[in-house]
Amino acid sequence: MGFRATWHRLALAFRRLSSPRPSLAGVPGRPRRAATRLRAIVLVALAAVLLGGCSLAYPAAGGTVQGQDIRSLYDILLIPVVVIFVLVEGLLVWALLRYRGRRANLPHQTHGNNLLEITWTVIPTLIVLVVFALSMQTLGKVDAKSSDPALVVDVTGKQWFWDFSYPVQKVTVSGAGQEPVIDLPVGETILIRLHSDNVIHSFYVPGFLFKRDVIPGLGNQFDINITTPGIYRGQCAEFCGFGHADMRFSIQAVSQAEFASWIAGQQAAAAATPTPAPSLAAGATTLSVSASTTTGFEQSSLSVAAGKPFAVAFDDKEAGVPHDFAIKDSSGKVLFNTRIITGPASETATAPALPAGTYTFFCQVHPNMQGTLTVQ
Amino acid sequence: MATTTLVRERVGYRSTLFEWLTTTDHKKIGVLYLTSSLIFFLLGGLQALAIRTQLAFPNQALLDHATYNDFFTIHGTTMIFLFAMPILSGLANFVVPLQIGAADMAFPRINALGFWMVPMGGLLIYATYLAGGAGIGWTGYVPLSDAGPGGVFGPGTGLGVDFWIMGLVFLGASSILGAINFLATIFKLRAPGLTMWRLPIFVWTVLVTQTLALFAIPVFTTALVLLFIDRNFTHGAFFNPAAGGNAILWQNMFWFFGHPEVYIMILPAMGVISEVVPVFSRKPLFGYKAFIGATIGIGLLAFGVWAHHMFATGAVYLPFFSFVTGLIGVPTGIKFFNWLATMWRGQISLKTPMLFAIAFLAMFLIGGLDGAVLAAVPFDYDVTDTYWVVAHLHYVLFGGTALGVFAGIYYWFPKMFGRYLDERLGQIHWLLMFIGVNLTFFPMHILGLEGMPRRIATYPATLDWPILNLLATIGAFVIAAGVAVFFVNLAISIRAGAPAPDDPWDAYTLEWATTSPPPPYNFDTLPPIRSERPLFDLKHGAASDGGALAVATVAAGAGGPGGEA
Numbered sequence: 000m001g002f003r004a005t006w007h008r009l010a011l012a013f014r015r016l017s018s019p020r021p022s023l024a025g026v027p028g029r030p031r032r033a034a035t036r037l038r039a040i041v042l043v044a045l046a047a048v049l050l051g052g053c054s055l056a057y058p059a060a061g062g063t064v065q066g067q068d069i070r071s072l073y074d075i076l077l078i079p080v081v082v083i084f085v086l087v088e089g090l091l092v093w094a095l096l097r098y099r100g101r102r103a104n105l106p107h108q109t110h111g112n113n114l115l116e117i118t119w120t121v122i123p124t125l126i127v128l129v130v131f132a133l134s135m136q137t138l139g140k141v142d143a144k145s146s147d148p149a150l151v152v153d154v155t156g157k158q159w160f161w162d163f164s165y166p167v168q169k170v171t172v173s174g175a176g177q178e179p180v181i182d183l184p185v186g187e188t189i190l191i192r193l194h195s196d197n198v199i200h201s202f203y204v205p206g207f208l209f210k211r212d213v214i215p216g217l218g219n220q221f222d223i224n225i226t227t228p229g230i231y232r233g234q235c236a237e238f239c240g241f242g243h244a245d246m247r248f249s250i251q252a253v254s255q256a257e258f259a260s261w262i263a264g265q266q267a268a269a270a271a272t273p274t275p276a277p278s279l280a281a282g283a284t285t286l287s288v289s290a291s292t293t294t295g296f297e298q299s300s301l302s303v304a305a306g307k308p309f310a311v312a313f314d315d316k317e318a319g320v321p322h323d324f325a326i327k328d329s330s331g332k333v334l335f336n337t338r339i340i341t342g343p344a345s346e347t348a349t350a351p352a353l354p355a356g357t358y359t360f361f362c363q364v365h366p367n368m369q370g371t372l373t374v375q
Numbered sequence: 000m001a002t003t004t005l006v007r008e009r010v011g012y013r014s015t016l017f018e019w020l021t022t023t024d025h026k027k028i029g030v031l032y033l034t035s036s037l038i039f040f041l042l043g044g045l046q047a048l049a050i051r052t053q054l055a056f057p058n059q060a061l062l063d064h065a066t067y068n069d070f071f072t073i074h075g076t077t078m079i080f081l082f083a084m085p086i087l088s089g090l091a092n093f094v095v096p097l098q099i100g101a102a103d104m105a106f107p108r109i110n111a112l113g114f115w116m117v118p119m120g121g122l123l124i125y126a127t128y129l130a131g132g133a134g135i136g137w138t139g140y141v142p143l144s145d146a147g148p149g150g151v152f153g154p155g156t157g158l159g160v161d162f163w164i165m166g167l168v169f170l171g172a173s174s175i176l177g178a179i180n181f182l183a184t185i186f187k188l189r190a191p192g193l194t195m196w197r198l199p200i201f202v203w204t205v206l207v208t209q210t211l212a213l214f215a216i217p218v219f220t221t222a223l224v225l226l227f228i229d230r231n232f233t234h235g236a237f238f239n240p241a242a243g244g245n246a247i248l249w250q251n252m253f254w255f256f257g258h259p260e261v262y263i264m265i266l267p268a269m270g271v272i273s274e275v276v277p278v279f280s281r282k283p284l285f286g287y288k289a290f291i292g293a294t295i296g297i298g299l300l301a302f303g304v305w306a307h308h309m310f311a312t313g314a315v316y317l318p319f320f321s322f323v324t325g326l327i328g329v330p331t332g333i334k335f336f337n338w339l340a341t342m343w344r345g346q347i348s349l350k351t352p353m354l355f356a357i358a359f360l361a362m363f364l365i366g367g368l369d370g371a372v373l374a375a376v377p378f379d380y381d382v383t384d385t386y387w388v389v390a391h392l393h394y395v396l397f398g399g400t401a402l403g404v405f406a407g408i409y410y411w412f413p414k415m416f417g418r419y420l421d422e423r424l425g426q427i428h429w430l431l432m433f434i435g436v437n438l439t440f441f442p443m444h445i446l447g448l449e450g451m452p453r454r455i456a457t458y459p460a461t462l463d464w465p466i467l468n469l470l471a472t473i474g475a476f477v478i479a480a481g482v483a484v485f486f487v488n489l490a491i492s493i494r495a496g497a498p499a500p501d502d503p504w505d506a507y508t509l510e511w512a513t514t515s516p517p518p519p520y521n522f523d524t525l526p527p528i529r530s531e532r533p534l535f536d537l538k539h540g541a542a543s544d545g546g547a548l549a550v551a552t553v554a555a556g557a558g559g560p561g562g563e564a
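Protein sequences, first through last, are from chains A and B. Going by numbering that gives the first Met the number 0, the first residue of the first sequence is number 0, and it counts up by one from there. Going by numbering that gives the first Met the number 0, the first residue of the second sequence is number 0, and it counts up by one from there.
Hints in this document: simulated from the structure, not taken from any laboratory. There's no promise every hint is true.
[Stated by the list, open to error] Covered stretches of chain A, as calculated for chain B (at least 3 residues, CB under 8 Å): (1) 89-102; (2) 176-182; (3) 188-198; (4) 225-236.
[Claimed, not checked] Some chain A residues judged to face chain B by a derived CB distance under 8 Å, without partners named: (5) Val82; (6) Val85; (7) Leu115; (8) Lys144; (9) Pro148; (10) Trp261; (11) Ile262; (12) Gln265.
C-beta atoms are modelled at their ideal positions from N, C-alpha and C, and glycine is treated no differently.
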């Protein structure tokens, strides 16, 4: 009952608001309390949504000098955007609330006003000019390149992983088979050089508020100066085919001393024996899977021990055709997948421990390639 | 206002189906365009729902990567080339000859040919699903879309991309034929007295749009043919760097078309809004000539902004494209203020066409603002190719174009079929759209700022990505519910809607001076045309226009207010 009463009152308020003005009120704009209150509520609600949206939408400070410059530009851009948004949406809502309803006489037929037209041409033009000048200023700083960078990193976009190499230090971190994590020092100018010999990728680190396309035949380069230590997620931002979503990497920004020891460790590891296979607990099994057609794997059912990680050796025998090996549970959630490889090629990866049960293994490129994985 | 009292007889010697298949009547072709576009709208929408369902939760595999890529490619291609462009052509086909007092388009047979090429192109594009898919994105960036020398692996290895190319060449040819036809119609078939400065705003926007199409689409068609050669003949080498081509060249050609294309899709929707807002405010469009100036200004500037899609390539001259991109916001702003001033001190009635027009204003503003900031290159570096851009383009094309199209359909449906669309179902449709669009696309701004790239088939459970994606997915289903209500409304109203009189909205332009639906030859007689609102003058006379009519007449002679921009 309480609900009905409230609804009734609300409906009444709306009706009062929307009903044609009594003809007695020939002077438009006679204040009416309910309407005024409703207008206030609508405007406050709009402002609340706007503020909420803005606080959510505001990015963290950039982790590089360049990112902080870009972030400062956000502060400037936000002002005209919010002012224009509030002004225009406000005027729209106001016009709707204020000028609703048809009366006997036509409203005054205003055809235009040159002064107003000039005003709303000139003021936005000025805003555009100011924003343009400020953004060009920031651009100059962001795109500036040092003639003497302290560190050079070569980044290569492959289908579908990233390779990183430090040409001077002769250190290479490949993303083949796992998500690469590289270390970079804070407080130094780092020159990033981008390469691709296949399709276009884009090197994107959201924490740096920056990306640059990796284009075959075009050697893009840029400088960064990391200011804040921490881990920065990165991902390919230019659609590059099947494995686009899997092209992730992480940058660990560390002090210069820590970076030096990381480099030394990498050099030592490279000098040692060839990379050992991912270590597995004793007694772990290796699951051998292969594919030679797009109609199905050569194995239709597989089994593996429960509760223990296991190795997957996947062999794509089909020349020129991409496959991967993925495991999903009955709800369709993907629990594990190898990289997508184009045959003839093979791939070894470590799958996580799975609880006992029945799973489906499949190829993400060709979902009709399926089989049953029994975990017991 | 009815000037025709003819009784329409059933034509006895051929079937209705035959008549629709062979018609050259611009009104029937308009309805055919609308029908075909709405069918493709459903198909594109189903793919969007599949995409959103896949993205509802992190790490899902409802769709595998390849199908996901096919879906977003064909979703984009469908919504742009098989929904937005043809449905606007459909509205223009029906409305333009009526609004200029003509009996038909200038070339009725070419008009029919142009229409029938659309479903043919659509069939070719959907044939990609039978030919290995075309998961290359609607932008078809080379080398991914190329299977030429160099051994680059992409979905381009199959026949699918070739079908995609052929479909788009077909649709491009259709658009070029349409553009020539519209320009000839508007320039040559206007009724006596209907000078260019008295043309309805919708006709003006169609005029500018078709001019853009005439200059932009041939460049795209050329690029497509070059890509076809690259893919199928080993020594093409236009775009593939591995064979000595230039990958950036494709992007330049594509966006030289692609950005004017955005205005091809939004200007006629703005034209619809500029018909609806004045009629439902009982006032003339504020700043008629300034509005035309702004439309022409947008049309000119549209050819100088394409490389803002390419800021992150590091291969374009940034200051020029950044500046022109900012500048194109100015004429758009002029339009906004003119719409608001039109409503100001009017008598607004919130019928469904007006509801959609208002939603257009509220949503398109967001799309405009979040696009305008992309002109600032450093900001673009951060958010380009993220969900920020997805939010932006959908606020423009869904919040703008699609809502504008709905406004137009609710507005002209009584003229097309002599019946109203149901008002209550229309309100429900509108409400679901308004909620759905914001719920789907607003969270994408935040996703973009949090670094979620476009076109990824799955995502890890980081930051706020899961909750924001879930909201967007729920919103997509709200939109779907709204679209379902709209189709129910169409199905009911086309047979059983309330009968509409000739001039149901108390409107201003010539299409309302004939019967609903109009006879095949459109008009028996035309009212005198002394302003851009001949029907208003007829109903209310010059006296009720106050002193303003005199101003307008003087202005028409003296160059008029605000031709700037």
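Hint by hint, here is what the structure shows:
1. 89-102: holds (count 9)
2. 176-182: violated (count 0)
3. 188-198: holds (count 3)
4. 225-236: Result for this restraint: holds, n = 4.
5. Val82: violated (10 Å)
6. Val85: violated (11 Å)
7. Leu115: Because about 7 Å separates A:Leu115 from the closest Cβ in chain B, which is inside the 8 Å limit, the hint holds.
8. Lys144: violated (11 Å)
9. Pro148: violated (17 Å)
10. Trp261: At about 24 Å, which exceeds the 8 Å cut-off, the nearest Cβ of chain B leaves the hint on A:Trp261 violated.
11. Ile262: violated (27 Å)
12. Gln265: Violated, about 26 Å.
Consistency note: the structure conflicts with the earlier hints numbered 2, 5, 6, 8, 9, 10, 11, 12.
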